[in-house]
Each structure stands twice: as C-alpha cells, then as structure tokens.
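Peer 1: Next come the chains, spelled out residue by residue.
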Amino acid sequence: MSGAGLPESASLTASTFASFEEFTFTYDTASEPTLTGLTLGLRADQLTLISGPSGGGKSTLARVVAGFIPRPLGGSFEGTARVLGHDVESAPPHVLTESVGVVFDNPFDQLTAATSTAFDEVAYALENEGLPPDEIVARALEALESVGLAEMTGRHPRRLSGGQSQRLAIACALAQRKPILVLDDPTSQLDPTGREEVVSLVRTLRDAGTTVVLVAQDLGHWLEMADRLVILDEGRVTADGHPATLLTDPRLFDGTILVPRCVAVWADLRRRGIALGDTPPLTTDQLVSSVRNLGREREPTP
Amino acid sequence: MASRARRVVPQTDQHGHTGVVETDTATWSPARVAELYEIGNTWLHRAHPLTKLAAVLPLSVAGFAGDTVLVPAIILAAAVLTLVVSRLGIIALKSLRLMAPMTFALVVIHGIVRPYDSEPLVAWGPISVNAGGLALAGTTAARIAVFVIAVTAAMATVHPKIFATALIQRGVSHKLAYAYLAGAELIPEMRLRATQILEAQQSRGFDTKGSLPRRLRTLFALLKPLLVSSLIGVEMRTLALESRGFSLPGRRTAAVAVRERGRLLQRSLLLASIPLLVLAVIW
Ligand SMILES: Nc1ncnc2c1ncn2[C@@H]1O[C@H](COP(=O)(O)OP(=O)(O)O)[C@@H](O)[C@H]1O
Ligand SMILES: [Mg+2]
Numbered sequence: 001m002s003g004a005g006l007p008e009s010a011s012l013t014a015s016t017f018a019s020f021e022e023f024t025f026t027y028d029t030a031s032e033p034t035l036t037g038l039t040l041g042l043r044a045d046q047l048t049l050i051s052g053p054s055g056g057g058k059s060t061l062a063r064v065v066a067g068f069i070p071r072p073l074g075g076s077f078e079g080t081a082r083v084l085g086h087d088v089e090s091a092p093p094h095v096l097t098e099s100v101g102v103v104f105d106n107p108f109d110q111l112t113a114a115t116s117t118a119f120d121e122v123a124y125a126l127e128n129e130g131l132p133p134d135e136i137v138a139r140a141l142e143a144l145e146s147v148g149l150a151e152m153t154g155r156h157p158r159r160l161s162g163g164q165s166q167r168l169a170i171a172c173a174l175a176q177r178k179p180i181l182v183l184d185d186p187t188s189q190l191d192p193t194g195r196e197e198v199v200s201l202v203r204t205l206r207d208a209g210t211t212v213v214l215v216a217q218d219l220g221h222w223l224e225m226a227d228r229l230v231i232l233d234e235g236r237v238t239a240d241g242h243p244a245t246l247l248t249d250p251r252l253f254d255g256t257i258l259v260p261r262c263v264a265v266w267a268d269l270r271r272r273g274i275a276l277g278d279t280p281p282l283t284t285d286q287l288v289s290s291v292r293n294l295g296r297e298r299e300p301t302p
Numbered sequence: 303m304a305s306r307a308r309r310v311v312p313q314t315d316q317h318g319h320t321g322v323v324e325t326d327t328a329t330w331s332p333a334r335v336a337e338l339y340e341i342g343n344t345w346l347h348r349a350h351p352l353t354k355l356a357a358v359l360p361l362s363v364a365g366f367a368g369d370t371v372l373v374p375a376i377i378l379a380a381a382v383l384t385l386v387v388s389r390l391g392i393i394a395l396k397s398l399r400l401m402a403p404m405t406f407a408l409v410v411i412h413g414i415v416r417p418y419d420s421e422p423l424v425a426w427g428p429i430s431v432n433a434g435g436l437a438l439a440g441t442t443a444a445r446i447a448v449f450v451i452a453v454t455a456a457m458a459t460v461h462p463k464i465f466a467t468a469l470i471q472r473g474v475s476h477k478l479a480y481a482y483l484a485g486a487e488l489i490p491e492m493r494l495r496a497t498q499i500l501e502a503q504q505s506r507g508f509d510t511k512g513s514l515p516r517r518l519r520t521l522f523a524l525l526k527p528l529l530v531s532s533l534i535g536v537e538m539r540t541l542a543l544e545s546r547g548f549s550l551p552g553r554r555t556a557a558v559a560v561r562e563r564g565r566l567l568q569r570s571l572l573l574a575s576i577p578l579l580v581l582a583v584i585w
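Line order of the protein sequences matches chains A and B.
Quick note: the first sequence uses the numbering used here, first residue 1, plus one each step.
Quick note: the second sequence uses the numbering used here, first residue 303, plus one each step.
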C-alpha cells in the first residue's frame, strides 16, 4: 500500500519542516520498534492528518515532531529525523518546543501539577517565555475563552472533566502562539458539541497560517480541511496522499482506519454500480450535493 | 471579554491572591488550592511574602532567650493574640494541630520517661512525673511552637503562587520555585489520585470497610497503582513542562507580579537575629 505517496514525501523541499529518512525508533522499555523505516516529509504550509489503528505509532511520531524523542523520552533509533533544520538527536531540549506547540493524547498528562487554577496553568508557559504580565493575562484569557473555558478560569485543573482538561490542554498550546501545532487526538474526550468547537478552532488556525499536524482516529471532521492524510500502521506509512485521492483505495476499508460515513456510503454505492464521482465526498454536505446532482442527471430521462 | 477579565483577575497589589481567583465558591473552594493557604485579605496577607518569611528567623531565635518557658511563652501569647485580633485564629489552631503530637511526645520523654535528680511530683510504681523534666518539655515545646506558628502564619497568608513569584523576582531559580509549587500541590494531588484508584477498586469489589486485615489488604492494593501512576506521571510531567518552556533560557515573568517592597525591612529582620542570638546565648 506504500505506493500511494512516497515520492512526494521523500523530497525535501524548502517548505518541509520535518523530514524522516529511514527512521526507526525503539523505546527503551520496548522490545519491538514503534516506528519502522519511516521516510516522510511534513510540509509547513499544510494540515497533515495522521491516522491509523491504535498502537500504530501515531503518538510516537507526534512526539518526535514535538521534540520529545530521543530526549526526554529515551530510545534507540536508526536513520535520521530532522525538525526545523535540527537533527532530533542533537537538538537542545528547548529549540523545538520553542516553535512547536503540542497537545498530548492524554490531557491529564499535560498538567504541570504546580498550579491551582486553569488560568495559572495556561499562563505558566507565557511566564516561562518572560512575557509582560498584561500580555500574559490577555493571552491566557483569550485562549481559555476560545476553547469555551471562560467560566472555568479559577477552577482547579485537576477538578476539570476529561473534555474540559482537553480544552485546557488546547488552550495552553494556543496561548503560546507557536507557528507549528501538533495535536494528538485533541477531541478524543469531547462530546459532539465540544468536538465541533475544536474542529472549527483548528480550521481557523490553519486558515491563519498555522502548520498543523493532527493525529485522529476518527477522520470524520478533519478530512475536509486536511491537505494530506498519512496512515500509520505498525510503525510504517501504509498510505500517504490527499484524502480525496487516498480514500478511493478500497484497501483502506479493511478496518485499519475509521472511515467516515460519507466516504463509506460513497464506496458502498460505487460497489453497487452507482458512481457519485471519482473522488469520495469528504463531508456529508458534499455527499448530499453529489446525490442531488445524480438525481438531476436522471430526471430528464422520461 | 474585558469585563470578564476584570471579574476574575484581582488587583495586582493584593498579594493574598494569585492571578485569578473565582469568587464563586460553589465551583472553587480555597481548601482545594493548597492545604495550608487561608484565603483572605488581612494585613498579614498584604505584607510582602518575604517580609513574613524573614520575620520567622528573629522570632525563632528570640524564643531561645532565657532558660525557662517565660520568653517563648510570651512570644507565643503575643503571636496568638495578634492572630486572633487579626481574625486569623484559624492559623493558631492549625499550628496547635501541628504541634500537638510533638508536645505530647516531649512531655512523655522528658516528664515521665527520663530520670531526673529532682524529687518526682507523682509516682506510680516505676512511672514518675518529674517537675524538672516537665519544665524542660514545656520550654522546648514552646520554643518549637514559636517557630511553627511563625512559619505557619507566614505561609498560610500567601498563595503558593505569589510566594513562588516573589522568590523568582528576587533571583531564585524558577526550577526551585516549581519544586515548591509542585510540593504545595502534592498532597491534594496524591489524595485525589488515591480517591480515584480507591473508587475504581471499590467498584471492582475491594473491601474498604470491613475488618483490619481486609482494610490492610485494600491499602496494599492501593499502593501499587498509586506508585505506578505517580512514576508514569513523572515521565509525562517532564514532557508537559518541556512543552511549556520549562528549560527555556532567560528571565521569568508572572501573570501577577509581586510589588517589590520591604527590602530594608526584610534585611533588618534578618540582621536583628544576630543581637537576639547573642542574647539567647548569654542569657
Ligand atoms: N513511552 C512509551 N514507552 C514504551 N513504549 C511505548 C511508549 N509509548 C508508546 N509505546 C508503544 O509504542 C507503540 C505505539 O504507540 P503509540 O505511538 O502511542 O501509537 P498510537 O498513538 O498510534 O496508538 C505501542 O505498542 C506502545 O505500547
Ligand atoms: Mg496515540
């Protein structure tokens, strides 16, 4: 399946901010490599969606891009991984975190455990940057507001629900205004409303020029805004390309990824001989309009 | 947004508060913030955190003046009176609670167990209560109590975050300040984790009431996940801190800066300890 998009990713262009060459990584505590022979280039002007089955190495890839591997998370590796021109092996700990914001897969893991309010939790990074107090307050409140936590600023971070913690983690990353954001399944704990809010937030960020690397199991909401979809399975890239092109491949429907309903309907109809265009619809709206078009094409017949 | 900002961010010169304190106690209770901190806005809250800390030294040293309980008892009485008048009697109570076990142990060791030359006050067989021993126990307890009440008053009237900010502003490493803050959150955090694990275990049928051996078994069943979750927490915490610029070089600021003042007073308090020390040694 790797034929889908390797040439595009292997070439290191000016706008590639992260590049992997035959990168194999094994955690110190693991016997098997988590990433195997990864060759991939992530572009700075795109929203890259990374998906695949659980345990496929998505979070690990996100951690490499965020500058957490091979330090402080230890492990051995082969090949090279460069992020923002730095070899991850030799980059000092803060150079990547200075430019890359990150939201962890488990939001509870992302707390500093040294603050007593959500506000202080968001402000912490800005204090470390040495920003003036006024700016810290303004940015922290703005970030909390943008994730719908305006009423929770004084709440203890440990007293937040899963969804609220996830919003807090996103707020922490937003407040730092990094040019690159790595979001590891940022909606896993959210209810449908919360998910919608985060999805539109990410869309706004992307439209404003933020580079986004987004890990998601459920592709549904992200396909339409993704410039590229990378499927990781057992530490290997098994598919890579534009979502609309990639999702025409029937092999992706074998259960490795959660195919969104609109794509599944499109594929199912196609199997039954009803063609709704060459590329699958990426949203329900697109599906509906292509069904309408189909109807219109048939109407004049009698 | 501006009005909301004003609602949740207190004035910067109120050092009793951190950046944001919500007034709605239904969703936020001060007890959850830190074990020791008493929310309030008394003169003691408004004093510079380092002034309060600096006052601990001369007070504690003065407690050692004389050979009897007199001086420490006077300081103690004055301290309790001051706290009560300032509507901070709770701090005196907290200090008492901290002191109680130690005082009891001192009385037992010096007053009863340890043999003295003087005639015993009362004697039941091998057990005798000794006046000299009791006096020593009382003096020692009072001296320690002076220190405990001073530290408690200093630390219970400043939000940990404000204290950490004051330290950083005076050039203390932000990593040390983090350690202090994490320490202030440690007990509530551990308690919360323990409750979560306990609830999970109860739902899986572990016995948390029942007989003592049963409860001990529950305790051991609790310890392992608590330890494991704490250890995993440490690895992830490193990442969390790194993602917030923990190891960024350069100066730190704070959302709510502590107004710089009282330097002279703080130095004077520290210097005052020297003559007091001399007094305590010769008296
Ligand atoms: N910190 C770690 N230490 C050791 N092994 C890990 C660690 N994190 C993940 N792994 C292992 O790496 C594999 C891939 O995990 P992960 O990157 O989290 O995948 P995904 O995010 O796709 O579910 C899993 O087998 C997991 O057990
Ligand atoms: Mg993951």
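Mixed in with the good hints there might be a few duds.
Claimed, not checked - Subject to a maximum C-alpha distance of 25 Å in a straight line, what follows is the list of computed SDA-like cross-link-like pairs (lysine to any residue): (1) Lys178/A / Met538/B; (2) Lys477/B / Gly162/A; (3) Lys477/B / Asp109/A; (4) Lys178/A / Arg554/B; (5) Lys178/A / Val583/B; (6) Lys526/B / Ala113/A; (7) Lys526/B / Ser290/A; (8) Lys178/A / Pro422/B; (9) Lys178/A / Ser59/A; (10) Lys526/B / Asp134/A; (11) Lys178/A / Arg203/A; (12) Lys477/B / Asp134/A; (13) Lys477/B / Arg203/A; (14) Lys526/B / Asp109/A; (15) Lys477/B / Ala113/A; (16) Lys526/B / Glu98/A; (17) Lys526/B / Lys178/A; (18) Lys526/B / Arg203/A.
What the hints assert, rightly or not - So, partial list: chain B residues that the calculated Cβ filter (under 7 Å) puts toward chain A: (19) Asn343; (20) Glu421; (21) Pro422; (22) Glu491; (23) Ser545; (24) Gly547.
Derived by calculation from the structure, the hints in this document are not laboratory data.
All residues carry an ideal CB built from backbone N, CA and C; glycine is no exception.
Peer 1: So, for every hint listed, does it hold in this structure?
Peer 2: Verification of the hints:
For the given pair, Lys178/A sits about 21 Å from Met538/B by alpha-carbon distance, which is consistent with the 25 Å threshold. For the proposed pair Lys477/B and Gly162/A, the alpha carbon gap of about 28 Å is over 25 Å, so the pair is violated. Taken as a hint, the Lys477/B and Asp109/A pair is honoured in the structure, with Cα atoms around 19 Å apart against an allowance of 25 Å. For the hint pairing Lys178/A with Arg554/B, the CA-to-CA distance comes to about 18 Å; that is within 25 Å, so the pair holds.
Simply put, Lys178/A and Val583/B have alpha-carbon atoms about 60 Å apart, too far for the 25 Å limit, and the pair is violated. Our distance criterion of 25 Å between C-alpha atoms is met by Lys526/B and Ala113/A, whose separation comes to about 21 Å. Restraint check: the Cα-Cα separation between Lys526/B and Ser290/A comes to about 57 Å, which exceeds 25 Å; the hinted pair is violated. Among the hinted pairs, Lys178/A with Pro422/B is inconsistent with the structure: their alpha-carbon atoms are about 75 Å apart, more than 25 Å.
For the given pair, Lys178/A sits about 19 Å from Ser59/A by alpha-carbon distance, which is consistent with the 25 Å threshold. For the given pair, Lys526/B sits about 44 Å from Asp134/A by alpha-carbon distance, which is inconsistent with the 25 Å threshold. Among the hinted pairs, Lys178/A with Arg203/A is consistent with the structure: their alpha-carbon atoms are about 16 Å apart, no more than 25 Å. Between Lys477/B and Asp134/A the CA atoms are separated by roughly 23 Å; this keeps the pair inside 25 Å, and the hint holds.
The straight-line distance between the Cα atoms of Lys477/B and Arg203/A is roughly 36 Å, outside the 25 Å bound, and the hint therefore fails. Taken as a hint, the Lys526/B and Asp109/A pair is honoured in the structure, with Cα atoms around 19 Å apart against an allowance of 25 Å. About 13 Å separates the Cα atoms of Lys477/B and Ala113/A, which keeps this hinted pair within 25 Å; it holds. Proposed proximity of Lys526/B and Glu98/A is contradicted: the alpha carbons are some 37 Å apart, above 25 Å.
Distance check on the hinted pair: Lys526/B and Lys178/A sit about 39 Å apart at the alpha-carbon level, beyond 25 Å; violated. Restraint check: the Cα-Cα separation between Lys526/B and Arg203/A comes to about 43 Å, which exceeds 25 Å; the hinted pair is violated. Given the 7 Å rule on beta carbons, the hint for Asn343/B is violated: about 16 Å separates it from the nearest Cβ of chain A. Hint status for Glu421/B relative to chain A: violated, with the closest Cβ pair at about 56 Å, above 7 Å.
A least Cβ separation of about 52 Å between Pro422/B and chain A goes past the 7 Å threshold, and the interface hint is therefore violated. Here the hint on Glu491/B is kept, as its CB sits about 6 Å from the closest CB of chain A, short of 7 Å. Checking Ser545/B against chain A by beta carbon gives a least distance of about 5 Å; that is within 7 Å, so the hint holds. The restraint placing Gly547/B at the interface with chain A holds, with a minimum CB-CB distance near 4 Å, inside the 7 Å limit.
Hint check: violations occur at hints 2, 5, 7, 8, 10, 13, 16, 17, 18, 19, 20 and 21; the rest are consistent with the structure.
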